[in-house]
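Visitor: One line per chain: the protein sequences are A and B, in this order.
FYI, in our numbering the residues of the first sequence are 1 to 115.
FYI, in our numbering the residues of the second sequence are 116 to 227.
Simulated from the structure, these hints should not be mistaken for laboratory data.
Treat the hints with care, as some may be off.
Label-pair restraints from in silico Cβ distances [claimed, not checked]:
#, chain 1, residue 1, chain 2, residue 2, range
1, A, 58, B, 187, 45 to 55 Å
2, B, 183, A, 98, 23 to 33 Å
3, A, 27, B, 210, 40 to 50 Å
4, B, 132, A, 66, 28 to 38 Å
5, B, 118, A, 3, 41 to 51 Å
6, A, 7, B, 118, 47 to 57 Å
7, A, 73, B, 185, 14 to 24 Å
8, A, 16, B, 185, 23 to 33 Å
9, B, 185, A, 66, 33 to 43 Å
10, A, 17, B, 183, 41 to 51 Å
11, A, 58, B, 154, 42 to 52 Å
12, A, 27, B, 209, 46 to 56 Å
13, A, 73, B, 187, 35 to 45 Å
14, B, 224, A, 59, 48 to 58 Å
With a Cα cut of at most 30 Å, we get these calculated BS3-like pairs of lysine-lysine [said to hold, decoys possible]:
#, chain 1, residue 1, chain 2, residue 2
15, B, 152, B, 186
16, B, 214, B, 226
17, A, 11, A, 78
18, B, 186, B, 169
19, B, 152, B, 183
20, A, 11, A, 44
21, A, 62, B, 120
22, B, 171, B, 152
23, A, 44, B, 183
24, B, 186, A, 44
25, A, 15, A, 62
26, A, 44, B, 214
27, B, 169, A, 11
28, B, 186, A, 83
29, B, 183, A, 83
30, A, 44, B, 120
31, A, 78, A, 62
32, B, 183, A, 11
33, B, 214, B, 152
34, A, 44, B, 171
Bear in mind that the values here come from a model prediction, so they are computed numbers and not experimental data.
Cβ atoms here follow ideal geometry from the backbone N, Cα and C, with glycine treated the same way.
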Amino acid sequence: EAGVAQSPRYKIIEKRQSVAFWCNPISGHATLYWYQQILGQGPKLLIQFQNNGVVDDSQLPKDRFSAERLKGVDSTLKIQPAKLEDSAVYLCASSPPGGRYNEQFFGPGTRLTVL
Amino acid sequence: DQQVKQNSPSLSVQEGRISILNCDYTNSMFDYFLWYKKYPAEGPTFLISISSIKDKNEDGRFTVFLNKSAKHLSLHIVPSQPGDSAVYFCVVGSGNTGKLIFGQGTTLQVKP
Numbered sequence: 001e002a003g004v005a006q007s008p009r010y011k012i013i014e015k016r017q018s019v020a021f022w023c024n025p026i027s028g029h030a031t032l033y034w035y036q037q038i039l040g041q042g043p044k045l046l047i048q049f050q051n052n053g054v055v056d057d058s059q060l061p062k063d064r065f066s067a068e069r070l071k072g073v074d075s076t077l078k079i080q081p082a083k084l085e086d087s088a089v090y091l092c093a094s095s096p097p098g099g100r101y102n103e104q105f106f107g108p109g110t111r112l113t114v115l
Numbered sequence: 116d117q118q119v120k121q122n123s124p125s126l127s128v129q130e131g132r133i134s135i136l137n138c139d140y141t142n143s144m145f146d147y148f149l150w151y152k153k154y155p156a157e158g159p160t161f162l163i164s165i166s167s168i169k170d171k172n173e174d175g176r177f178t179v180f181l182n183k184s185a186k187h188l189s190l191h192i193v194p195s196q197p198g199d200s201a202v203y204f205c206v207v208g209s210g211n212t213g214k215l216i217f218g219q220g221t222t223l224q225v226k227p
């Protein structure tokens, strides 16, 4: 079974530029999550999708971050404009319907550096 | 507000000895507790879990203990192996929301 795919793996941009990340979840996983992991901290949930609907985006900075999940499969996360404090690893995860303890399967992440 | 705290950023143990990783949480309403493991340049992977109705769960070399009255969770690895060197995240979840909340992580180094 293929895992969660993310691209790009690394991205370096200057502040005020825009950037987009892509995620392809495990086939059949209805729920998709985007997390932000700042160095030295644990992953923090940004947004949760159930199929192509948003379940929780309470911690998404909506003035600069946006996310969509077209057709309930792939998802993109965009930052526009980026700030220095957005430097982090952005993790995508997915979980199957009825999964045990909401076990989530993570991709390798995209490391973003904002200069 | 940090709902999940791992007060030890790092831990170093000798191969073959026991590793004990600790975690404290603030909300007694959490339903289940998990540990995730993360190697460099990889995403976190699920390791072991325990529900709020149990106080111990064992899976091979890994055992998780839950003390609900103290709101404390621990992970024991015995015997520790060099391949166990990784960052370990304490994670809590609620059945109502399905949301997982991660601690800051503890970096475990197992020396040969």
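Visitor: If a hint holds in the structure, say so; if it does not, say that too.
Guide: Going down the list of hints, with the structure as the test:
1. A:58 with B:187: 45 to 55 Å: violated, 27 Å
2. B:183 with A:98: 23 to 33 Å: holds, 26 Å
3. A:27 with B:210: 40 to 50 Å: This hint is violated: roughly 25 Å between Cβ atoms.
4. B:132 with A:66: 28 to 38 Å: violated, 48 Å
5. B:118 with A:3: 41 to 51 Å: violated, 28 Å
6. A:7 with B:118: 47 to 57 Å: Since the Cβ atoms of residue 7 of chain A and residue 118 of chain B sit about 32 Å apart, the hinted range of 47 to 57 Å is violated.
7. A:73 with B:185: 14 to 24 Å: violated, 43 Å
8. A:16 with B:185: 23 to 33 Å: Between residue 16 of chain A and residue 185 of chain B, where Cβ atoms are some 47 Å apart, the hint is violated.
9. B:185 with A:66: 33 to 43 Å: 42 Å Cβ-Cβ, so the 33 to 43 Å window holds.
10. A:17 with B:183: 41 to 51 Å: Holds, since residue 17 of chain A and residue 183 of chain B (Cβ atoms, about 48 Å apart) stay within the stated range.
11. A:58 with B:154: 42 to 52 Å: violated, 30 Å
12. A:27 with B:209: 46 to 56 Å: Violated - the Cβ-Cβ distance for residue 27 of chain A and residue 209 of chain B, about 27 Å, lies outside 46 to 56 Å.
13. A:73 with B:187: 35 to 45 Å: At 40 Å between Cβs, range holds.
14. B:224 with A:59: 48 to 58 Å: violated, 31 Å
15. B:152 with B:186: holds, 21 Å
16. B:214 with B:226: violated, 35 Å
17. A:11 with A:78: holds, 13 Å
18. B:186 with B:169: holds, 13 Å
19. B:152 with B:183: holds, 23 Å
20. A:11 with A:44: Given pair residue 11 of chain A, residue 44 of chain A holds - Cα atoms ~20 Å apart, limit 30 Å.
21. A:62 with B:120: Cα-Cα ~27 Å, so holds.
22. B:171 with B:152: holds, 19 Å
23. A:44 with B:183: Given that 30 Å is the threshold and the Cα spacing comes to 24 Å, the pair holds.
24. B:186 with A:44: With a Cα-Cα distance of about 21 Å, the restraint between residue 186 of chain B and residue 44 of chain A holds, given a limit of 30 Å.
25. A:15 with A:62: Between residue 15 of chain A and residue 62 of chain A the Cα gap is close to 17 Å, so the pair holds against 30 Å.
26. A:44 with B:214: Given that 30 Å is the threshold and the Cα spacing comes to 11 Å, the pair holds.
27. B:169 with A:11: Since the Cα atoms of residue 169 of chain B and residue 11 of chain A sit roughly 43 Å apart, the hinted pair is violated (cutoff 30 Å).
28. B:186 with A:83: violated, 37 Å
29. B:183 with A:83: The hint is violated at about 40 Å.
30. A:44 with B:120: holds, 14 Å
31. A:78 with A:62: Between residue 78 of chain A and residue 62 of chain A the Cα gap is close to 10 Å, so the pair holds against 30 Å.
32. B:183 with A:11: violated, 42 Å
33. B:214 with B:152: Holds: residue 214 of chain B and residue 152 of chain B sit about 18 Å apart, inside 30 Å.
34. A:44 with B:171: holds, 27 Å
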